[in-house]
Amino acid sequence: MPPRIPTKSSASSASALWTRTIGANYRQPKPEGGPNYLQAFGAGPNKPFPLNPQFRSERVLDEQARELIWEKVMRRGETLKAVSAELGVDLTRVAAVVRLKEVEKDWISKGKKLATPYSKAVLGMLPTKSFRPGVQNQPLEPINELHIHTATQKQLFWPTAESRQFTREDAAKAFHAKMLSADKRVPHPELIQMEKDLLKGMSPDEARARFIKAAEQSERKAAEKQQRKAMAEEQATKKVNTPRFEFRFKEVDSELVGKDGRAPNVVGWKYGMPHYDRKKGLVKIPTSVP
Amino acid sequence: MTIKIRLARFGRRNAPFYNIVVAHARTARNSKPLEVIGTYDPIPKADPYDDSGRLHKDIKLDTLRAKYWIGVGAQPTDTMWRLLSMVGIMEPKYRNQQPRTAPQLPADIKKPEASSSA
Amino acid sequence: MPRAAQRRLHVLRRPKLRQSWSKYNLYNLWRQRDPKIGFTDHETFFQQKWRAKGLLRAYHGEHIKERDWERMFSRRLLSVANMNPQYMAQNDGSEMAAGRGSGRDIVSKWKDDRVDPKPITPYMNMAFAPMERRLDIAVFRAMFASSARQARHFVVHGKVKVNGKVMHFPAYKLNPGDMFQVDPDAVMFATGQPKKKGGSNARQAVTNPQANAEAEPAAEEAEGAEAEAEAAKAAEASEVPEQDPETTDKPEAPKADMKPTRQAIQKLTKQAKSILARDRDVSTSQKQNLRSFLKRAKPLLSKAGRPTATPTDILDELNSMVKELNLSDAPAEAAATEAPSTPEQAVAAAARQEPPRSIEDLNADELKALQRLIKEEEENPADPTKPYHTPWKPRDYMSPFAFIPRYLEVNQNVCSAVYLRHPVARVNSAEVPTPFGYQVNQLAFNWYLRRR
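Respectively, the protein sequence lines represent chains A, B and C.
Once you know that position 72 of the first sequence is 72 in the UniProt record's numbering, the rest is easy, because the numbers rise by one and skip nothing.
Once you know that position 46 of the second sequence is 46 in the UniProt record's numbering, the rest is easy, because the numbers rise by one and skip nothing.
Once you know that position 221 of the third sequence is 221 in the UniProt record's numbering, the rest is easy, because the numbers rise by one and skip nothing.
Mixed in with the good hints, there may be bad ones.
Claimed, not checked - Chain C is faced by these chain A residues, among others (derived, beta-carbon under 7 Å):
#: 1; residue: S12
#: 2; residue: Y26
#: 3; residue: L38
#: 4; residue: L91
#: 5; residue: S119
#: 6; residue: L126
#: 7; residue: L191
#: 8; residue: F247
#: 9; residue: L256
#: 10; residue: S288
Since the hints were derived computationally from the structure, they do not count as laboratory data.
C-beta: ideal position from N, C-alpha, C; glycine also.
Please construct the entire structure, taking both the sequences and the accompanying hints into account.
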C-alpha cells in the first residue's frame with residue numbers, strides 16, 4: 001500500500017497564499033518606519049483592529065522627548081505640573097517618564113546592558129511624538145481630564161430658582177454633600193486660575209509666573225502632607241533595639257470596640273466571628289507591592 | 001482569682017499571631033478575655049527595600065490600659081513581662097548580663113586541648 | 001509553544017482572535033468580518049449575548065478561567081471628560097442652566113434632511129477593562145511578550161518584577177503607579193527572531209537570500225580572534241604599498257602585485273564617499289548586509305596582505321561578493337550603497353589596530369558614520385549564547401500588532417513600564433484594546449451582568 005500523502009486543507013492553503021501575497025507586507029516593519037497596521041475594509045489610520053474604529057493606537061513619547069522631560073524635572077528642577085502643562089503630557093505620565101528614566105540612568109551607571117536594539121525596533125513601529133525645546137509644542141494628550149465620579153452619573157431633579165446662578169459648585173453639592181466642584185477635582189486647577197488671571201487682563205508672563213508659583217506651592221504642600229504623615233507614624237511608634245530584632249510598639253486604643261464589641265477596626269483577632277480569609281472567591285495573592 | 005496579662009494564640013498553622021489579653025488565670029487560652037489590649041506578631045519582618053538583613057517585630061499595645069491592669073494587680077506572664085519591660089511599664093526581671101564562662105577546673109586535671117594535641 | 005498547541009490556539013477553520021502576534025492570528029484578524037450579531041431576527045437575545053461573549057472571551061484572557069473572570073468583572077465603567085481650562089475660566093457652569101425655556105436653548109434641527117449623530121463615548125468597549133489590570137495582560141500590552149500566554153509564562157517563571165520585587169502571580173492586579181520590569185533577555189527572546197537549532201539560520205536563509213552570506217554564529221565566534229589578527233596584518237600590509245611612491249628604496253614587486261586591488265578598493269571608497277553623504281536611509285537589512293560583507297571582507301583583506309596572493313584572485317573574490325550583494329532582492333540603488341561602503345568599512349575594522357593610512361582617508365562625515373556603525377555593532381552583537389537569533393531583529397509579523405495603550409508608560413530600554421491608571425473611555429474612543437466594536441462588546445457586557 002502506498003504511503004498516504006498528507007494534503008493541506010483548503011483553509012491552511014488559503015492562509016499560506018495570504019502569507020505569500022498580502023501578508024508579506026506585514027512581515028517586516030516598514031523600512032521608512034512608522035506604524036504598519038492592517039489595511040482592511042477602509043479602516044482609518046492608526047487603527048490596529050479593523051472592526052473596532054473606537055480603538056486607536058496613540059502616539060508614544062520618543063527617546064528625545066523622554067530625555068527632555070527628565071532634563072526639565074531633574075536637572076532644571078521644574079515642577080511636574082509645569083512640565084505637564086508646558087508639553088501637554090499627562091501629569092502621571094510625566095512622573096512615570098522621570099521614574100523610568102532614572103532606572104535607565106541607574107542601569108547605565110552600573111554598566112547593565114540596555115535593550116537598545118529592541119527599543120529602536122519598537123519605537124520604529126509605533127507612532128511617536130517628539131518635542132522641540134524652547135518652542136510651543138503641540139500637546140501629546142489632553143491633560144486636564146476629569147474623572148467621572150459615580151455619584152455624578154445619576155440624573156437628579158433639583159429645583160432651583162430661575163434667578164439663581166447654578167454653578168459647578170452647586171452641582172457638586174447637589175450630587176453629594178462632600179463632593180468638590182469640578183474646578184478643584186481636575187488635575188490642573190492652577191491652569192484654570194491662570195486663565196482667569198489672563199481674562200482679568202494680566203500679562204501672559206505674569207500669569208505664567210503665578211501659575212508656576214502655584215504649581216510649586218501645591219507640590220510642596222503635597223510633599224509636606226506626606227512628610228507629616230510619616231512623622232506622625234514615627235512618633236506613635238516606639239522602637240526598642242535588641243541584638244537580634246527591633247521591636248516596634250505601636251500605640252493603639254483598645255477601647256474603640258463599638259457598641260457590641262465587634263467594630264471592624266477593633267485591635268486583635270475577633271472572638272466569636274468566623275475569619276473568612278480562606279474562603280472561596282477571596283483574593284489570596286498580594287493586592288499591592290509597597 | 002488572679003488576673004493575668006498573657007498572649008492568646010491566633011493565626012494559622014506555622015503563622016502564629018497573638019492577641020495580648022487580660023484574662024482570669026484559670027480560663028482557657030483562647031476563651032473570651034476580659035479585654036484585648038494589643039497584638040503581638042512574633043514573625044520577624046524586614047522593611048521593604050531594606051537589604052541590610054535587619055528584622056523587626058510589630059507589637060500593638062494600649063499602654064494606658066496595660067498600666068491600669070498592672071496597677072490593679074494583674075500579673076504578666078514571662079513573655080509579656082519582657083515585652084512590657086521594653087516599653088518601661090515593668091521593671092526588667094533580673095538576668096545575669098555577664099557573658100557565660102566555663103567553671104574553673106582543678107589544677108591537677110589536664111586541659112582537654114592539651115591531651116588531644118598530644 | 002508546540003506546533004499542535006499553536007494550531008489549536010489559532011484555528012483556521014473556525015477562527016478565533018487571540019492576544020498573540022502569530023501570523024495565523026494576523027490572518028484571522030485580517031479576514032474577520034463584522035459578526036453582525038442582532039441584525040436579523042434569527043437569534044434570540046440570549047443567543048446574541050452568548051455568541052458575542054464567545055467572540056470576545058476568545059481574545060480577552062482566553063487562558064483565564066471563566067469563573068475567575070466573572071469574579072473580576074465589574075459593571076462600573078470608568079471614563080473621563082476633558083475639561084478645557086480656558087472654558088472653565090470663562091464660565092462657572094451657570095451658563096448650562098441659563099435661559100432654559102426662555103429662548104436661549106440650542107435650536108434642534110429636527111427638520112433637517114440629515115442630522116449628524118453625536119459622537120458617543122463607547123462605554124461598552126470597556127467591558128473587559130478589569131482584565132487589563134492583570135499583570136500578565138499588562139506585560140503583553142507593553143509589548144514585552146508576543147502573546148498573553150507567553151507573558152503569563154514569564155511571570156510564573158520569575159522574569160517579572162513589580163516595584164522591584166519578583167511577582168510570580170500572573171493574576172496580580174496592578175495598582176495605579178505600579179512599575180513592572182521584565183528581564184530584558186526574556187523580552188528580546190519573545191520579540192526577536194527565533195534561533196534555529198544547531199546554530200544555522202535556515203529559516204532566515206530561505207526568507208532572506210541576502211542573509212545567506214552570513215556566517216554561522218557559532219563558527220564566527222571561533223573565527224573572531226583569528227580574523228582580527230589577520231585584519232591587523234592586512235592593515236600593515238596595505239600600509240606598505242601605500243608608502244611605496246614616497247620611499248623608492250622598497251622593492252617593486254609587491255607594489256605591482258597589489259595595484260589593481262588597491263585601485264578597486266579606492267574606486268569603491270570613492271563611490272562610498274559620494275553615497276555616505278546621503279547615508280541616512282540605510283535600512284536594517286542593508287546594515288545586516290554590511291555586517292555579513294564585513295565578515296567576508298576581513299579574510300580577503302588579510303589575503304591581500306600576503307605576498308603570495310595574486311591580485312586577480314582577490315579581485316575576482318571581491319567582484320563575486322559585490323555581485324552577491326547585487327543578487328539580493330534589495331533594489332540596485334540600495335545594493336550600490338552597500339557594496340562600496342563595505343570595503344571601506346572593512347578597512348576601518350582593520351583600522352581599529354592603529355592603521356596610519358586608512359583613518360586619514362576618511363573625512364569627518366565618514367568617521368561619524370563609521371563610529372555609528374561600530375556603536376550599532378556593540379549594541380547589537382552576535383552572541384551565540386543568547387536564546388534568540390543574534391544580532392537581534394524584531395520577529396516576523398510584529399509591526400501590525402505594535403501599539404501601546406495610553407494607560408501604560410513604557411521605557412523599552414530597561415524593559416519597564418508604569419501602569420499609570422485604569423483604562424478609561426473618552427468621547428469617541430476607549431482605551432481597552434478589543435478587536436470588536438461596541439455592539440459586540442455591549443452584548444458581552446450584558447452577558448456578564450447576569451440578567452439572563
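Each hint, compared with the structure:
| no. | hint | result |
| --- | --- | --- |
| 1 | S12 | holds (6 Å) |
| 2 | Y26 | holds (5 Å) |
| 3 | L38 | holds (5 Å) |
| 4 | L91 | violated (10 Å) |
| 5 | S119 | holds (4 Å) |
| 6 | L126 | holds (6 Å) |
| 7 | L191 | holds (4 Å) |
| 8 | F247 | violated (25 Å) |
| 9 | L256 | violated (29 Å) |
| 10 | S288 | holds (6 Å) |
Hints 4, 8, 9, counting from the list given before, are not met by this structure.
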